[in-house]
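Given only the sequences and the hints, what does the whole structure look like? Please build it.
Residue numbers (UniProt numbering), protein chains in the order written: chain A, 1 to 362; chain B, 1 to 362.
Nothing false has been slipped in among the hints.
Since the list gives no way to pick one copy over another, a pair counts as held whenever it fits inside one copy or between any two copies.
In silico BS3-like pairs for lysine-lysine, Cα to Cα no more than 27 Å straight-line: (1) Lys189 x Lys257; (2) Lys103 x Lys43; (3) Lys293 x Lys126; (4) Lys189 x Lys103; (5) Lys43 x Lys316; (6) Lys267 x Lys184; (7) Lys91 x Lys113; (8) Lys233 x Lys113; (9) Lys293 x Lys138; (10) Lys114 x Lys91; (11) Lys357 x Lys316; (12) Lys90 x Lys113; (13) Lys293 x Lys184; (14) Lys267 x Lys291; (15) Lys103 x Lys114; (16) Lys90 x Lys114.
It is worth saying that the hints were derived from the structure and are not from the lab.
Okay, here's what each chain looks like letter by letter:
Number of protein chains: 2
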Amino acid sequence: MMIYNFAAGPAVLPQEVLRKAQKEFLNYANSGMSVMELTHRGKLFSEIITHAEETLRELMNIPDHYKILFLQGGASTQFTMVPLNLALEKKAYYTISGLFGQKAYEEAVKLSKKLDLEPIILSESKGDHFTKIAQFDKCQVDPEAAYVHLTMNNTIEGSSIYELPETNGVPIVGDMSSNILAVKYDINKFGLVYAGAQKNIGPAGVTIVIVREDLLPHQEMLSSMLDYQLLIKNHSLYNTPPTFGIYMAGLVFDWVKSLGGVDEMEKLNREKAVLLYDYLDSTTFYQTPIKNKAERSICNIPFTTSDESLDQLFVKQADESGLKNLKGHRSVGGMRASIYNAFPRDGVVELVRFMKKFEKEH
Amino acid sequence: MMIYNFAAGPAVLPQEVLRKAQKEFLNYANSGMSVMELTHRGKLFSEIITHAEETLRELMNIPDHYKILFLQGGASTQFTMVPLNLALEKKAYYTISGLFGQKAYEEAVKLSKKLDLEPIILSESKGDHFTKIAQFDKCQVDPEAAYVHLTMNNTIEGSSIYELPETNGVPIVGDMSSNILAVKYDINKFGLVYAGAQKNIGPAGVTIVIVREDLLPHQEMLSSMLDYQLLIKNHSLYNTPPTFGIYMAGLVFDWVKSLGGVDEMEKLNREKAVLLYDYLDSTTFYQTPIKNKAERSICNIPFTTSDESLDQLFVKQADESGLKNLKGHRSVGGMRASIYNAFPRDGVVELVRFMKKFEKEH
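Rendered as structure tokens:
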């Protein structure tokens, strides 16, 4: 049976990438060693991380004054590192259109209890159960603020920001965890971008940070592992980095490049998403929570039937048909199809076929 | 040519483990998915992490009131997390017998600039260029202190603590990064143990923390990703963990168990180390910095000739003979043989053979 993995992350990886990694798993570049066994201070790993960085820079058109970091700890650690590095003695705005945006804000609030920074909710759509992107007017933004934090794609709720809002000259910090390399953005409009790798980049355990270096103030007393400047100075090698994950990320970057880059990925992703949304819009048997089509995620598509027990049956029968991990997040319920870059179009076709059959039977 | 990898970490992994991981790389447990593609909330990964935890508990005889965490960020992140979680409003003692112990202390000092905690150097051997373990008397220890921090094995300097010092009832925090599972310790004598995985456990990107839960005070405002209690409550799944690294660690734990456990590993490691030390003690051509035999590391063995340019030649010619990554840390110079659990005895035999040949030629 063909397996399609709709998991929200860790998620499906490109087969070519997995096959290449498997093939050289015991003997990388004729070294007699696995990538996992390479010292991070040696020539071979140095080439791996440099290549990964350069390819990412090319894919996202990242100018030289933005630095790229390969870190650990996931986006959740960035919820702390971002305000700690950027917002001391400043205001930091958050627009909250989903649970992860809310968590980002809450971590800034925690820091503000002991340090001098002021997290402010600029807008939120919690009252609408996060079924839309929270809007704001740039007049609300103090131009002296550190940043406006946006979650670019709400993994759980299925909404996404495609047009960046006006922020009165204040840098945007973007959590791109679930749509980096899947949707094209102009990096020049961001002060900082971060993303966990486990959706569109590679295995869990690598976090990408892209930051405009001039935004980083000098802070001597920051904990080393939380200090962007120190980590930049050491080219992501202040301590031992997650070497194998970075290697896998580099292979995925090569794969994206070979397919035509981010423009092409977005095109393919839109085609996949349209297949599913068109069907969802054509039936009343299923509902999808994000009504504004311009705000719909092309990476994570939640939907429900009108009956919880029917949702459970759907997930169970889909699983038995090889359509795996379609259960929605507990806060939204129902189903969620996560169809990142590496998720094949055929899987979406299969899902729609299954949904039609299920509709007919119930 | 046979390759022997003497890297200090990331380091050599057991061939059986690598082969098994390679074999099931594309299709784990007949799931049609790679371990890297498994959702961390699913049954398959849940079994992987539970098995890894249980096997580690068994290998190290860890009682139930100690909790085990699989984290990210390396030991360097623990340098911050340990004082942040344990030492607020308290004294925290550090004995410093190497560069990593010094870094651990320095991170506590950084925190103390903004938070109420008091890091104290209990003893240090910097004046002796870290060629011995710094000693102290238990009378120096305030029984109300949070902990006494010890680096169990000084990876760079090649010294190790085998007999735990008396601490006046204050819990020991042990950085076991370079000798966990390689040397047997009584976990009951520790309040907390931490270790980066990339030496004796698995690929870089996983950090093990073992902590006596009753030592953790309730701190509501700690950043989530730095909060042991929150991470324990979520069984290392507060956010997405480094899933593939945890899987590899579990395989290594199985391998250690299959060989007879930590007792047997220590026995084998001592045999390997004796091969090298016996030769080092029998010649004046090479020197090893740790003179006190009871303090010599069985994991990391630094040595030099009496001439820097000869050292460079040694490293170069050894490399050409398949003896890789023997260059010592820049702070010590010369050579260093890291011979962790997975490093084969034959490699040490080869190294000694090469050393004898090199001695004869120079």
